[in-house]
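**Q** So the sequence lines, in the order shown, correspond to chains A and B.
Quick note: the first sequence uses my numbering, first residue 554, plus one each step.
Quick note: the second sequence uses my numbering, first residue 554, plus one each step.
Accuracy of the hints is not assured; some may be wrong.
One copy or any two copies: either way a pair holds, since identical chains are not told apart in the list.
[Unchecked claim] Straight-line Cα separation of at most 20 Å, SDA-like style, residue types lysine to any residue; simulated pairs: (1) 921 x 850; (2) 921 x 648; (3) 782 x 629.
Hints in this document: simulated from the structure, not taken from any laboratory.
Values in this document were obtained by computation on a predicted structure and should not be read as measured data.
Protein chains: 2
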Amino acid sequence: MSGPRAALVIVGSELLDGRWRDDNGPFLSASLAAHGVRVAHILVVPDDLDVLTADLRFLLAGEPDVLVVCGGLGTTHDDLTTAAVAATLDRPLCEDLQARSWVEEATRRVSERRHVPFDELLARTLKEARLPEGSRALPPAGLAPGYAIAAGPTRLYVLPGVPGEIEAMWPPILAELARDGLLSDVAVRTVRAYGVGEIQAQPLLDEAAADGLDVAVTASAGEVTVVVKYEPGDERAAARVERLVADLEATLPVFSSDGRSIDDIVADRLRERGETVAVAESCTGGGLGGRLTALPRSSDYFLGGVIAYANEAKMELLEVPHGMLGQYGAVSGEVAGAMAEGVRATLRATYGVAITGVAGPGGGTAEKPAGLVYLGCSSPQGTVVEERRFAGGRHQVRRWAIVAALHLLHDAIVS
Amino acid sequence: MSGPRAALVIVGSELLDGRWRDDNGPFLSASLAAHGVRVAHILVVPDDLDVLTADLRFLLAGEPDVLVVCGGLGTTHDDLTTAAVAATLDRPLCEDLQARSWVEEATRRVSERRHVPFDELLARTLKEARLPEGSRALPPAGLAPGYAIAAGPTRLYVLPGVPGEIEAMWPPILAELARDGLLSDVAVRTVRAYGVGEIQAQPLLDEAAADGLDVAVTASAGEVTVVVKYEPGDERAAARVERLVADLEATLPVFSSDGRSIDDIVADRLRERGETVAVAESCTGGGLGGRLTALPRSSDYFLGGVIAYANEAKMELLEVPHGMLGQYGAVSGEVAGAMAEGVRATLRATYGVAITGVAGPGGGTAEKPAGLVYLGCSSPQGTVVEERRFAGGRHQVRRWAIVAALHLLHDAIVS
């Protein structure tokens, strides 16, 4: 795909030594890609004037239509982004009157909230009102204003690094880009399958790519996701995409071909049917409940559940019989089924979903190694139990188990 | 700090359109930084031969000591990393015998697991045994081998993009770098405070930076984290760091000055004292339990809990009186306290911790807006309740509430 190109620079030493993970690059690139702008670089750089200046020069030399720089607009000694922009564009820094009034206003609020004298604070924050000559100040969502400035053919936007502030400041910039004709509609088709590898989708995808489709595939936690993009008006491409989707549906265990995730589908189905779900979790410790409630309005169908980490909790809250725990062990299909039935009965839910396993790295035995997980789903149709063996560390085993539980629930709902 | 420099290139179009988030950049940069190697760039680029080649040239022109490239070593049409490396270094691709035998072995395993004929699969995977001339193949952790190759003064390592494979392939590379004298010890001091803003730490940090300390600060979910790095032998720096730590402890509500997170500290304290905790969660849906069980061996102190999303669950599983829910509402200090007491009693835990609130974006009222959260902690010393108002969206409110609950628990343990 041709069309407008963008690059992102994410500034912050904390992003290069493991202290912190960048949220802004994924947020901004997703937003731009959804509007037909190809992001060709996300560059994460430390608060280092020389590195930052060299990187800005390199990216501007590629003449992207849009360059967004995030972070390093704060008041501390290591906030050097504006100095680097000024050096790159060879512009002096001048106090911007509009930016100054915004900074004063924000400083007053912080001064009150944090009980720091206004004048003392302003002496530090006024730095944020000094912008490279020729900038247009953008209203702040926190303390620091952003700014827009032309750099040859490139629209350069400089924003603070706080994700909440970026999310608030981004929509007006997107509207500007739309007004200037840089954004376009992109048709996207997403197909998701569960329980296969990328390699099984590959022949169909290679064929589609050879026919000129922009097709991409990723695999995660047992799910394979295929994404195809095309121009909305391109009827030939649209027809070829339909054929690919039909071929994938015929070949693979596809559970979604309209873009929805397994979380979305489970939520929609439960809401449509007026049904409810409750969870009983051991090795995931609440992670399945956390995921089921990540979507807004999940109280429409999620009743609650039990985190039964200790055996006593399994007996006390889920009425799993003591004898069953002794005979089969807490990590067993029998207990997974009893946990699912127990929580379904206690909370009078349509479905009860249970997870019990050895997340590791310790706690495993030869017979029941780390990674062994039993899933249970109890429904009006009866109780289904699944044994799975997941690879990887504690975090990965728990993540795969949660995704597997969502699919088990999905199967129970549709069957 | 001078010393060796590194750059990372993370390849994958899925990382630039919101489909996927990079885990490899944070993992590798944290590992390198912990061994005294300064990572000056993490560059995320699409599977695009021209972009990739231009970016490799740019980074190599800076002559870093180490350049690690991750991703794009697979078998599909869009895996172009090796072609880009070959073009950048102007080397032909040749089949490597060692790589070929590894690829054959891995292909046999996949062929069996995925029920795809070996020959058909090998025809696709053999691409992964063709390396730029002069490469040294590195044993694969999955299908694709990695390779090392000299690029002028730079050690270039090319690895697959699957995080689990990177984690397995990285330690021998780190050992190589150590053997070549590129790694060094770094002394790190980390101080964490809860309930203040960065701005309150700033004067002390500015002073320390002016004295030449390498000091950095981040803020997240109500916690401010200060990290100072110095050379282990530098006694002057070590003394200045001690003074900074003492000043911070005297000025701010510091809860950790030895590097441990609040999760670590809570876990250690409970284990030391032989005490236990149980949780009762409403708006966080299991997220607090999920976080308390993220650490290995959490069964030493975590008993389980109740996810009481619906009012019925609060009554049924926690014995919160119906009248209390009617009089004060589910989101109230009274109910938070009753939930904490209920789960503590039911699971016979030393501490019961509860969260009830309006995560939003919907469900709020003028009196009880989205972001209003009540926390409760019940202990042998009695029950404490806290009212908080968090800003931001659903995800952020839930995250802040979980951190606040951990700190409330911490206060109860130490008091």
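**Q** Please go over all the hints and tell whether each is borne out by the structure.
**A** Going down the list of hints, with the structure as the test:
no. : hint      : verdict
1   : 921 x 850 : between (38 Å within a copy, 16 Å between copies)
2   : 921 x 648 : neither (67 Å within a copy, 42 Å between copies)
3   : 782 x 629 : between (43 Å within a copy, 17 Å between copies)
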